[in-house]
Amino acid sequence: MFKKLRYYLRDYFAFNKTEIKGFMFLIFLIIAFIFSIFVFDFLPDNPKTSKTIDPKRVEEMMAKIEVKESAKKEAYQDRFNNQYEKSDKEYTENRNVKLAPFDPNVASQQELEQLGIASWMAKRIINYRSKGGEFRKKEDLQRIYDFPADLYSKLEPYITLPDKAGKSFPVNTKPDFSVETKSVSNLPNKESFKPTTFDLNRADTNDLKKMKGIGSKLSARIIKYRDMLGGFYSENQVREVYGLDSTVVDEVLKYGIIKNPPLRKIKINEVTVEEFKHYYIRPYIAKSVIAYRQQHGNFSSRKDFENIKLLDAKTLDKIFPYFEF
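For what it's worth, this note's numbering labels the leading residue of the sequence shown as 1311, then goes sequentially.
Everything labelled a hint here was simulated from the structure, so no lab data went into it.
All figures in this text were calculated on a predicted structure; none of them were measured in a lab.
Incorrect hints may appear among the rest.
Think about it this way: if two alpha-carbon atoms lie no more than 30 Å apart in a straight line, the pair counts; the simulated DSS-like pairs of lysine-lysine are [said to hold, decoys possible]: (1) Lys1522 - Lys1464; (2) Lys1519 - Lys1577; (3) Lys1534 - Lys1587; (4) Lys1448 - Lys1534; (5) Lys1575 - Lys1587; (6) Lys1534 - Lys1464; (7) Lys1569 - Lys1613; (8) Lys1519 - Lys1441; (9) Lys1447 - Lys1433; (10) Lys1564 - Lys1519; (11) Lys1613 - Lys1564; (12) Lys1464 - Lys1408; (13) Lys1569 - Lys1519; (14) Lys1575 - Lys1624; (15) Lys1464 - Lys1527; (16) Lys1448 - Lys1569; (17) Lys1564 - Lys1577; (18) Lys1447 - Lys1534; (19) Lys1520 - Lys1448; (20) Lys1448 - Lys1408; (21) Lys1564 - Lys1522.
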């Protein structure tokens, strides 16, 4: 058998005797390696590694670790709170506090510190104002993160805020609304500030920003999605815009209407595979539509698209208004 194998190797590969011996040795190593794989499967497992892990013991260990970690967190939090309260108390005691009427919308950092407000809290108030924040009522001061409740109760009688006419209310007094009632009645009614109806396909970001809950980002996102589709043909398409909750959508649809939508149509009998791109259509479906047209001729009605197996009815309902024959 080996003589025949040597003959075939020498005849087919033109090997000499040394090359034939090396080739035979290599075949032997390959067979031995394959055989060893099956042998190792029948060997018993190592008793040290085959021990099963007790799940109850693992749960006990994890519970102990969690208890220790929670205890560390509580101790650290208590120590932090104590240091925070101590430093804040020492600051107010060591500082010469002078309570006086002040407007948190215009008071400087130095004026805030003279009222007993810590420097870091005064900086936080100034930073809040620099980002467009405004105190319209006294309770708004408590919206500042970590503002002490006891300090607010002390400062509350001294907070003065301007009224709509630009005047500040005096301390511990109530404004007399009986004066200049005529000028108040002449102010525009709140209803006049409500946005009017507009066309969703012709609106810009300024029209959308008049809606409650819509800023620059969401308005730009709506316009971008509309342009990507080629126009809205249904008001429900607004609900597909990413990031809009139901309340915002209802607000938009309260004033936004769709009338004679100028949709960007796709000439379905002329479009190529490269040109057939739409948000509602996946590339492989677009290819199948074009392939069906090439095999069966031009499309003439919706029924022709129903014969395409990859194009389901839901996708067809959404994309068909954008087709043009």
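Taking the hints in turn, this is what the structure says about them:
no. : hint              : verdict
1   : Lys1522 - Lys1464 : violated (36 Å)
2   : Lys1519 - Lys1577 : violated (34 Å)
3   : Lys1534 - Lys1587 : holds (16 Å)
4   : Lys1448 - Lys1534 : violated (41 Å)
5   : Lys1575 - Lys1587 : holds (12 Å)
6   : Lys1534 - Lys1464 : violated (51 Å)
7   : Lys1569 - Lys1613 : holds (27 Å)
8   : Lys1519 - Lys1441 : holds (19 Å)
9   : Lys1447 - Lys1433 : holds (20 Å)
10  : Lys1564 - Lys1519 : holds (14 Å)
11  : Lys1613 - Lys1564 : violated (35 Å)
12  : Lys1464 - Lys1408 : holds (12 Å)
13  : Lys1569 - Lys1519 : holds (21 Å)
14  : Lys1575 - Lys1624 : holds (19 Å)
15  : Lys1464 - Lys1527 : violated (40 Å)
16  : Lys1448 - Lys1569 : violated (47 Å)
17  : Lys1564 - Lys1577 : violated (33 Å)
18  : Lys1447 - Lys1534 : violated (38 Å)
19  : Lys1520 - Lys1448 : holds (28 Å)
20  : Lys1448 - Lys1408 : holds (19 Å)
21  : Lys1564 - Lys1522 : holds (11 Å)
In terms of the numbered hints stated before, the structure departs from hints 1, 2, 4, 6, 11, 15, 16, 17 and 18, listed from lowest to highest.
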